[in-house]
Amino acid sequence: MAIVTLTIDGLAVSGRDDETLLSIARQHGVEIPTLCHLDGLTDVGACRLCLLEVEGSTRLLPACTAKPVEGMVVHTSTPKLQRYRRMIIEMLASEGNHHCAVCVSHEHCELQRLAGSVGLQSVRVPYLYPDKKLDATHPLFVMDHNRCVLCTRCVRVCHEVEGAHTWDVGFRGIKSEIVAGLRVPWGDVESCTSCGKCVSVCPTGALFAKGATVAAMEKRTAFVKYLVTARRSKEWVGDILEEGDE
Amino acid sequence: MTVEELGEIGDKERARQAKLEKRVLWCSAAGCVSCGGHKTRDALKKAVKQAGLEGKTEVVGTGCMGLCGRGPLVKVAPDETLYANVDEAAATRIVAEHVAQGAVVEDFRVDTTAPFFTAQKKIVLEDCGRIDAMRVEEYVAVGGYSALARAVCELTPEEVVEEIRKAGLRGRGGAGYPTGLKWAIAQKARAAQKYVVCNADEGDPGAFMDRSVLEGDPHRVLEGMAIAGYAIGASQGYIYVRAEYPLAIERLRLAIKQAEKLGLLGTRILDSGFDFRIDLRMGAGAFVCGEETALLRSIEGRRGRPRPRPPYPSEAGLYGLPTVINNVETLANVAPILTRGAAWFSSIGTAKSAGTKVFALAGKIRNTGLIEVPMGIPLRTIIYDIGGGPPEGAEFKAAQTGGPSGGCIPSQHLDLPVDYESLATVGSIMGSGGLIVMDSTSDMVDVAKFFMEFSMEESCGKCVPCRVGTKHLHTLLEKLAAGEGTAEDLALLEEMCVMVKETSLCGLGQAAPNPVLSTLRFFRGEYERRLQPSEHFQAGGGPERAGS
Amino acid sequence: MDKPERSPHPSGDNRFKLLDRTITRHHGAGNALIEVLHSAQEIFGFLADDVLLYVAQALKRPQSQVYGVATFYNFFRLKPAGKHTVVVCTGTACYVKGASELQHALEKRCGCKFGETSKDGEVSLMQARCIGSCGLAPVAVLDEEVGAKLTAAKLLERVEAWLGGGKGAAVGGASAQETRETREEAAP
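Taken in sequence, the protein lines are chains A, B and C. Going by the numbering used here, the first sequence opens with residue -15, and the numbers climb by one from there. Going by the numbering used here, the second sequence opens with residue 16, and the numbers climb by one from there. Going by the numbering used here, the third sequence opens with residue 9, and the numbers climb by one from there.
None of these hints come from the bench; they were simulated from the model. Where is the CB? At the ideal position from N, CA and C, for every residue including glycine. Do not rely on the hints blindly, as some may be mistaken.
For the chain A half of the interface with chain C, some residues (derived, Cβ under 7 Å), not all of them [to be verified]:
(1) Trp151
(2) Asp152
(3) Val153
(4) Val163
Here are the simulated lysine-lysine pairs, PhoX-like style, with alpha carbons at most 20 Å apart [claimed, not checked]:
(5) Lys34/B x Lys64/B
(6) Lys516/B x Lys64/A
(7) Lys71/B x Lys27/B
(8) Lys116/A x Lys159/A
(9) Lys157/C x Lys54/B
(10) Lys127/C x Lys116/C
(11) Lys116/C x Lys162/C
(12) Lys71/B x Lys61/B
(13) Lys121/C x Lys159/A
(14) Lys34/B x Lys71/B
(15) Lys37/B x Lys61/B
(16) Lys37/B x Lys27/B
(17) Lys71/B x Lys37/B
(18) Lys412/B x Lys105/C
(19) Lys87/C x Lys159/A
The following block holds chain A by itself, in its conformation from the complex (with noise of 0.2 Å):
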């Protein structure tokens, strides 16, 4: 482990070499939107809107992953990157069914908040209205396909932090699906303990609490680093109850 000293959007910054240029942003008061990161869960650069530009690099980096290298000259948020935002949003609108006016997760979801904050209007490219289904077999909670996004953050705190491993990906490419068990309903899945972890961290309204109304769910993710640490180092620090982690 050594100390790195690097720009960040004109800033002169300093971090360890083994944090993530995501979080060494994020110290100095640099925000990138992301969307498969949470922290407290492996990082996978699945969804690809955090990535940088670095200077004398051709190639994007995603900052949950990039590590810092000495003298790094890294841009988060030029026209570039911000048009690439915009369009990996547009993607994400297109592929699933989101209907904002009637979520349990609208004015909290994390798609919604980021297509707010990349200035999206109009998603130029066809709706692909997918045929997807409602599991509401589950006694306490409900999965919606129509609304995911296949950040897979259920499918990692379901096997990293509470054990379980109920949740996995299943078939590729745009038929990509979130499965329980061996794609049975999710009330039939005896791994499942109920927990709700998976429920707290979905950024959409994917999944949620069952009886939850109109814009009723919010989540609560920040417990995720809170378990995560007090696991590892024994020490209970951070907001558990924070609402709305950012």
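The hints should help you fit chains B and C onto chain A, whose structure is shown.
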């Protein structure tokens, strides 16, 4: 097994072959077997028996002889006469006239002084079509495993890496990363266990180079892997091979068993302190597993989804340990480099792209088949001299290299030298070696759609740009190909291509737009010709609607 | 879940013993999942739920992960194959020489898409990315036999010969297949 004993095996086999008057070699590779190779073999054997030549002549199945479009192929050794289109009747005649009486059967003879043969340079394929892949003795008799012997008995691992680095060998899987550099990083990495992985997941549609090497000369690949293992300090190797290649799997299994029995794999190889095991791992039909991090996941028994690099596999690969991943053709070059030296290898090809490249030549061309050429050879030589040009009545339009990750090279670039850098300047890539010739009947918008469909279906679905982007690109291409697209659609297509290329996580997504960008660059007219007037134009009383 | 690991399959089906051999050869290691699924498909013809469940328990892997792996790879099938199989090569060389015409003709004749089996369970249509016979394009593999330089008419002639030849029920698989397919259709 000592080095001396290895030499004795070779001597014994050579003496055995010298006693035979003739060896009749029949091509047992996929192409020839598909057009009746087994019937030809049976006819050859029957004729040899009837002529009472058993004991003086043997009938031997070999790897690919190259001229796949004119199979079944048969070669008579030692005079190396090649026969094409050998059906049962021809086989009977070849034995009766050539083998028994020494009279060449001109009706089926192939002129091996033609450019198809003389313009090639064989290193990787030097034994393909010459030896029986099922007998390790034949491989040893042509010098097999002597490079491994030299490595473990005479060279330090550092010297082996240095030799490969000096030779200028670059990855033959497509990207062309220097092999010596990869090995050096893995060698320096500190770990109790390291791995060598052979990428035999040849997924490019229209490419069968690796398959031919695995089926025709499997020991060459095992030897290359063992040398890599010695160089980096690995004791375990894996071959990740497509399940769609059952014959290659069978031959590799047999070859591994033979090598283990002779002490060429296993513990204390050739009486040295070096241990190396090789196991097979079967792929299961996922093109993305050609990407190295996805391939490693798959060997670990998981979904083949790539992860961001760094860390690179040479530092943290299989099970998090240092791993060298090389493609079949790359590994097949290793033994010849150690035997003949780095200087010899780097004298072939160009300064930056040393050695040869194997191509699977197919499409609208006279001589389809498997060829090996020195790097830097002009594309024109491959297509017109070796390939014989397009068949009667057809006109060359473009050559496609790199499959779904590559591009189409039009006629104005026919004099381009075929090496990594030159192909990149025209928006294509070397790729793993598929080279498909297209003529005027090929619709380039449809070609782009064909490759995009492939990428869409093979996308693992992990990252958003590739998962959703390839789907939208395919839909747009369908619309444009059907003559229903507008100028706005075309603009959106280009914009999305650049986005998918720059933002995707792995090589599959990053390269998926290449066939579109390349056809747009050279055949833009084919896209524009069928555009519908956009609403914007119509409102302004624009041009009349184009016919379909 | 409180079953002892590696209990014999309750059905007493001997084929599970065959599968056990592969599992033992890999010491029941989780990383052998793909190898074991290959072996299971070879033994059972396809990967039914009870087979996947058995593999998950034997290798101590989560069920969802086993399902995820089985559906990621094209080679694995979760439904039984038809009595006959046509694999059309869709490699670039075959594409250039008209493989899509072969595909359209087959889909029309069999009434199902590629990757599916005809309703009567007779013919499964599959595509391969490249079977390495580019010199003979377009090609298709009809029940292990390679058909070279095909035309739609030539290909359909071969398929008609199958369909005309014996309409008997598929060996032991017909009823199982029906229930399976009904279930699959009900799922989405």
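Against the structure, the hints come out as follows:
1. Trp151: holds (6 Å)
2. Asp152: holds (4 Å)
3. Val153: holds (5 Å)
4. Val163: holds (6 Å)
5. Lys34/B x Lys64/B: holds (18 Å)
6. Lys516/B x Lys64/A: holds (13 Å)
7. Lys71/B x Lys27/B: holds (17 Å)
8. Lys116/A x Lys159/A: This hinted pair holds, its Cα atoms lying about 10 Å apart.
9. Lys157/C x Lys54/B: OK: Lys157/C and Lys54/B at ~18 Å, within 20 Å.
10. Lys127/C x Lys116/C: Within the cut-off at roughly 13 Å; holds.
11. Lys116/C x Lys162/C: holds (15 Å)
12. Lys71/B x Lys61/B: holds (14 Å)
13. Lys121/C x Lys159/A: holds (16 Å)
14. Lys34/B x Lys71/B: holds (8 Å)
15. Lys37/B x Lys61/B: holds (16 Å)
16. Lys37/B x Lys27/B: The given pair, whose Cα atoms are some 17 Å apart, holds under the 20 Å limit.
17. Lys71/B x Lys37/B: holds (7 Å)
18. Lys412/B x Lys105/C: With a Cα-Cα distance of about 15 Å, the restraint between Lys412/B and Lys105/C holds, given a limit of 20 Å.
19. Lys87/C x Lys159/A: Distance ~17 Å between Lys87/C and Lys159/A Cα, so the pair holds.
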